[in-house]
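Undergrad: Spelled out from the first residue to the last, the chains are:
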Amino acid sequence: MFHDQYSDATIRAILDEVKTIAIVGASANPVRPSFFVLKYLIDKGYTVFPVNPGQAGKEILGRPCFASLGEVPGPVDMVDIFRASEAVPAIVEEALGLAPLPKVIWTQLGVVHEAAAMRAEEAGMQVIMNRCPKIEYGRLSGEIGWTGVNSRTISSKRPAMRGGFQHRGLRK
Amino acid sequence: MTDRTPGFSTLSIHAGAQPDPATGARATPIYQTTSYVFDDADHAASLFGLQAFGNIYTRITNPTTAVLEERVAALEGGTAALAVASGHAAQLMVFHGLMQPGDEFVASTKLYGGSINQFGHSFENFGWNVKWADPDDISSFEKALSPKTKAIFIESIANPGGIVTDIAAIAAIARKARVPLIVDNTLASPYLCRPIEHGADIVVHSLTKFMGGHGNSMGGVIVDGGSFDWSADDRYPMLSKPRPEYNGMVLHETFGNFAFAIAMRALSLRDLGPVLSPFNSFMILTGIETLPLRMQRHCDNALAVASWLEKHPQVSWVSYAGLESSPSHELMKKYAPKGAGAVLTFGIKDGYDAGVKFVSNLQLLSHLANIGDTRSLVIHPASTTHRQLSDEQKVAAGAGPEVVRLSIGLEDVDDIIADIDQALTA
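First to last, the protein sequences are chains A and B. So the first sequence is numbered by the numbering used here: it starts at 215 and just counts up by one. So the second sequence is numbered by the numbering used here: it starts at 4 and just counts up by one.
I should point out that these hints are in silico values taken from the structure, not numbers from a laboratory. Note that the Cβ used here is the ideal one computed from N, Cα and C, for glycine as well. Keep in mind that the hints are not guaranteed to be accurate.
Said to hold, decoys possible - Restricting the straight-line Cα-Cα distance to at most 35 Å, the calculated cross-link-like pairs of lysine-lysine (DSBU-like) are:
id: 1; chain 1: B; residue 1: K244; chain 2: A; residue 2: K258
id: 2; chain 1: B; residue 1: K244; chain 2: A; residue 2: K272
id: 3; chain 1: B; residue 1: K341; chain 2: B; residue 2: K146
id: 4; chain 1: B; residue 1: K179; chain 2: B; residue 2: K151
id: 5; chain 1: B; residue 1: K397; chain 2: B; residue 2: K134
id: 6; chain 1: A; residue 1: K371; chain 2: B; residue 2: K341
As the list claims (entries may be wrong) - Ranges of calculated distance between the beta carbons of each label pair, as one might list FRET restraints:
id: 7; chain 1: B; residue 1: N250; chain 2: A; residue 2: S370; range: 35 to 43 Å
id: 8; chain 1: B; residue 1: N219; chain 2: A; residue 2: T234; range: 46 to 54 Å
id: 9; chain 1: B; residue 1: A28; chain 2: A; residue 2: D230; range: 20 to 28 Å
Claimed, not checked - Sample of chain A residues lacking proximity to chain B, with all beta carbon distances greater than 10 Å (derived):
id: 10; residue: K233
id: 11; residue: S299
id: 12; residue: A304
id: 13; residue: A313
id: 14; residue: M339
id: 15; residue: Q340
Please model the complete structure; the sequences and the hints are all you need to start from.
TA: Listed below in structure tokens is the structure:
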């Protein structure tokens, strides 16, 4: 796949299919973007595992934090990487050691490593780079438009509601 | 419509406006409310901390206004937008986000007279210093730059002169100086020109004009082009530094390519307060649905009037970029090929007194201080909108004593021409 050109259908399918997400580089600091994403994905109903060696043994938002991907109990559908680009290959290697293999490797805005992406894809994982799952969920659900952000989507369908007006579900 | 990029007319009707999630209402409802209940304390904390999308208070977000914001962002090709009470409020907020006391910005001399006043006088009270540059001499923008320059401001099609600005050439100067280029796109509307495609970083509008289009509602908007790197140095601390208002959050790092729009909302609008009424948002949204149709008719009528005026014995000159005789015609073909807009100026023989008499003779055209209405409008800038400028500034802004400005409406063009004809010869 040519990275940085993902169709909305591709992103929507990932966000609809994955249920468990490990966030590598999750921060306990509530003004950091990785904390925002962790909180948002929990609110949207995903099972989220924070991974951060500096916080291992502690909790972030009531979720136990793990030192590495290998320590996460149970299968991980998606690994969301909040680390510098050069840290990506080692995280992909760690993901390759998981059984079952994660379905998706996702790297945040500004985090890009083509060689690591190719390695993950050769092993059968789907790779999304330089995107934020919070922004993409907000965009595809229409929720991001509440803040005047251009969702680049239009629809004549009434948005699905989940948990009341403030939590719009994904558009089907 | 998965992955198909909708056309301009489709976006004018649909962008931002799904059926209402609560009721299924197909037209965008008017959410005439000041505030919104929280689900619980955690939800409230998430909203106040900018961690969740949602509404707190209409001074910050409103569901009706949000549709308008997304609509304009989509039409301009921006990442996000913020609607405010007027075009002037939009300009105040943009500079609040960029400037510190003692800073400078470079602005075109070919601007709406109200902007010349705002920049030259009111902004002085904040210690924001304007340096003027002439769009007919692009190098004057470069010469006006200094280490204190924080932005460059131009109009795409200038009011009132019928002049088209070379956006890409000035964008190149802005890029080299690493300052954002702000373009007021009010006269063109995104139907005729999308400045972000030519290198603008921020677009502002008076929505009162062609976007609303019916002369009934004030409004303004700021569009974030998403292209400017606010963190390249320390010059834009509102975007690049930890904000004490939000416990040390860095907005550019957190919100990426729509950080400027968030800064405008969460800091400038929240703290300065020029909020747009949800009712006005609804009226302007309704206007935007027909923007492409109206704008083309405005242009077609204006070109017919301009061509007719050019041959009239009482008229000494006509300034309209749609005319082949216009010095701006080549730039118009590049930046606004579908038309040069509705606003044109002409010189009336015998100067100031003849201008005043012409205006009073008109029966169909309305004498008032606005543009971008369905109705055809007229004003004599020297005695009204540009009255407060010095004689030199009047001439520099294209508002000398003999100048009459028309904003051509959507009436039958023969009726418009007949009224102008009787008023010129009466």
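Undergrad: Is it true that the C-beta distance of B/N219 to A/T234 lies inside 46 to 54 Å, as the hint says?
TA: holds, 53 Å
Undergrad: The output says A/Q340 does not contact chain B. Does that hold with a beta carbon cutoff of 10 Å?
TA: Non-interface label stands for A/Q340: nearest chain B Cβ at 17 Å, farther than 10 Å.
Undergrad: Is the Cβ of A/M339 farther than 10 Å from every Cβ of chain B?
TA: Given a closest Cβ separation of 23 Å, the condition holds.
Undergrad: Indicate whether the distance between the beta carbons of B/A28 and A/D230 respects the range 20 to 28 Å.
TA: Because 27 Å falls inside the window, the suggested range holds.
Undergrad: Can you tell me whether the CB distance of B/N250 to A/S370 sits inside 35 to 43 Å?
TA: holds, 40 Å
Undergrad: Starting from B/K179, check that the Cα of B/K151 is at most 35 Å away, please.
TA: holds, 15 Å
Undergrad: Using Cβ atoms and 10 Å as the threshold, tell me whether A/A304 really stays out of contact range of chain B.
TA: holds, 23 Å
Undergrad: Taken at face value, is the distance from the CA of A/K258 to the CA of B/K244 at most 35 Å?
TA: Cα-Cα ~30 Å, so holds.
Undergrad: Mind checking the alpha carbons of B/K244 and A/K272 for me, to see if they're no more than 35 Å apart?
TA: Answer holds: B/K244 to A/K272 is near 29 Å, not above 35 Å.
Undergrad: Are the Cα atoms of B/K341 and B/K146 separated by 35 Å or less?
TA: holds, 33 Å
Undergrad: Examine each Cβ of chain B, and state whether all of them lie more than 10 Å from the Cβ of A/A313.
TA: Its Cβ never comes within 10 Å of chain B, the nearest being 34 Å, so this holds.
Undergrad: Does B/K341 lie within 35 Å of A/K371 when you go C-alpha to C-alpha?
TA: Measuring from Cα to Cα gives roughly 33 Å; hence the hint holds.
Of the hints listed earlier, there is not a single one the structure fails to meet.
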